[in-house]
Structure formats: structure tokens, C-alpha cells
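Undergrad: In the order they appear, the protein sequences are chains A and B.
Residues 253 to 366, numbered by the working numbering, are exactly what the first sequence covers, in order.
Residues 167 to 279, numbered by the working numbering, are exactly what the second sequence covers, in order.
In short, the hints are calculated from the structure, not lab data.
Glycine residues also receive a C-beta, built at the ideal position from the N, C-alpha and C atoms.
Accuracy of the hints is not assured; some may be wrong.
[What the hints assert, rightly or not] Partial list, computed: chain A residues near chain B (C-beta under 7 Å): (1) Gly-292; (2) Lys-294; (3) Phe-317; (4) Gly-324; (5) Phe-357.
Single-letter residue listing:
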Amino acid sequence: EPEVTQTPSHQVTQMGQEVILRCVPISNHLYFYWYRQILGQKVEFLVSFYNNEISEKSEIFDDQFSVERPDGSNFTLKIRSTKLEDSAMYFCASRDRDAYNEQFFGPGTRLTVL
Amino acid sequence: SQQGEEDPQALSIQEGENATMNCSYKTSINNLQWYRQNSGRGLVHLILIRSNEREKHSGRLRVTLDTSKKSSSLLITASRAADTASYFCATDPRNTGGFKTIFGAGTRLFVKA
């Protein structure tokens with residue numbers, strides 16, 4: 253069964269460093285999403301991406317964040333200058349051509365900012 | 167206040183009992199989804215119910231949706247220890263075209279063997 257994959261599974265970085273989190277969505281999916289979950293808290297929407305552009309973003313997704321789909325398979329989330337409060341699990345998700353169908357989530361990347 | 171609030175926040179039951187979790191939301195939606203998350207792991211999609219549906223079943227899961235009350239419930243029948251996890255409802259607000267999904271705070275379910 254096709255699945256969303258994410259790398260790395262765990263990323264440790266120093267405050268102020270740039271990180272890139274990578275996702276490979278399911279191949280025929282058209283809608284892509286990033287979420288984050290701070291330890292013990294709920295899952296928060298960050299951004300959605302469709303047709304090579306951002307469709308919707310939350311107030312969390314400020315200028316320090318960016319997303320890219322550099323080729324036909326990868327979908328990346330970049331944090332330019334990490335802060336301590338960026339420490340969280342980051343989940344990628346994708347959806348097929350029906351925007352109201354279920355989202356398939358990846359296993360997540362645990363980001364630890366020291 | 168937030169879109170997608172579950173109650174109870176935590177639920178502890180014996181294996182074999184039924185578990186009911188509720189979710190309330192504030193804006194009109196296109197659909198509502200339930201997800202399960204084992205501790206520190208990824209999100210597993212359980213079931214999606216569209217705004218024009220009232221009830222849906224999948225195995226031991228039963229989901230209801232009452233759009234007039236802006237609420238949903240998830241029933242897990244004959245629970246097993248393996249059902250121990252956090253359960254989240256997630257809504258797609260109608261005005262976002264499927265581009266935004268809002269999660270609730272979740273219910274932590276503990277099933278005792």
C-alpha cells in the first residue's frame with residue numbers, strides 16, 4: 253500500500269540553524285500539507301500546497317518557514333533560523349485529487365532545537 | 167476557543183467495554199475525520215464522514231455527525247488493549263476548500279486488559 257514517507261525521523265539542531273524536513277507524498281496525490289505537534293499538545297496546521305503554490309497557511313507559518321516541491325516527488329519544509337519553540341514533531345500529509353478525501357500522514361520528523 | 171474540541175480529555179475503560187468520544191466544532195464543515203495516534207507516533211486515519219452523512223461504520227468503529235449541533239461522536243465497540251491511544255477529530259472548514267484541516271486536542275483512551 254502506498255504511504256507517505258518522511259526523513260529524517262529525528263533531527264537535532266542548534267538554535268539559529270536552518271533545517272530542511274523532507275517528505276515524499278503518495279505519487280498520484282495533488283494536495284500536500286505540513287503540520288506540527290508540540291509534545292503533549294494537539295496537531296497544528298501549518299501550510300497546504302497545491303498546484304505548485306501555497307494554498308493556505310496558518311499564523312504559525314511566518315517568514316521563517318518555507319515550502320517547496322523541488323521535483324516531482326519531494327515536498328520540503330524549511331525553517332530558516334530555528335528557535336527553541338520550533339521543537340516539535342512535524343508531519344507531512346497528502347491527498348488525492350479530491351480535496352475532501354482523507355489525508356494520508358507520514359510518520360513524522362521529530363525536531364529538537366538546542 | 168478552538169475548532170474541534172474533544173471530550174472527554176481522557177478515558178479509561180476495561181477491555182471489552184465500549185468507548186465513546188465526542189467532538190464539537192464551531193464553523194460549517196465539508197467533512198470530519200477521526201485519527202488515532204499511538205504515543206509519539208504518526209497519525210492513522212480511521213474514518214471520514216462528510217457533512218451530508220449522519221452515520222458511518224467501519225469494523226468496530228461507528229461515527230455519527232450532527233451538523234445542527236456541530237458535533238460528532240466516535241464509538242469503539244468491544245475495545246481491546248491495542249486500542250489504547252489518543253484519538254483526534256479533525257475538520258475541514260467549509261470556507262477553506264479542503265486546504266486546511268483543524269485538529270482537536272484529542273481524547274486519550276486507555277483500555278485495561
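Undergrad: Run every hint past the structure and note whether it holds.
TA: We went through each hint and held it up to the structure:
no.: 1; hint: Gly-292; verdict: violated, 10 Å
no.: 2; hint: Lys-294; verdict: holds, 5 Å
no.: 3; hint: Phe-317; verdict: violated, 15 Å
no.: 4; hint: Gly-324; verdict: violated, 21 Å
no.: 5; hint: Phe-357; verdict: holds, 4 Å
Consistency note: the structure conflicts with the earlier hints numbered 1, 3 and 4.
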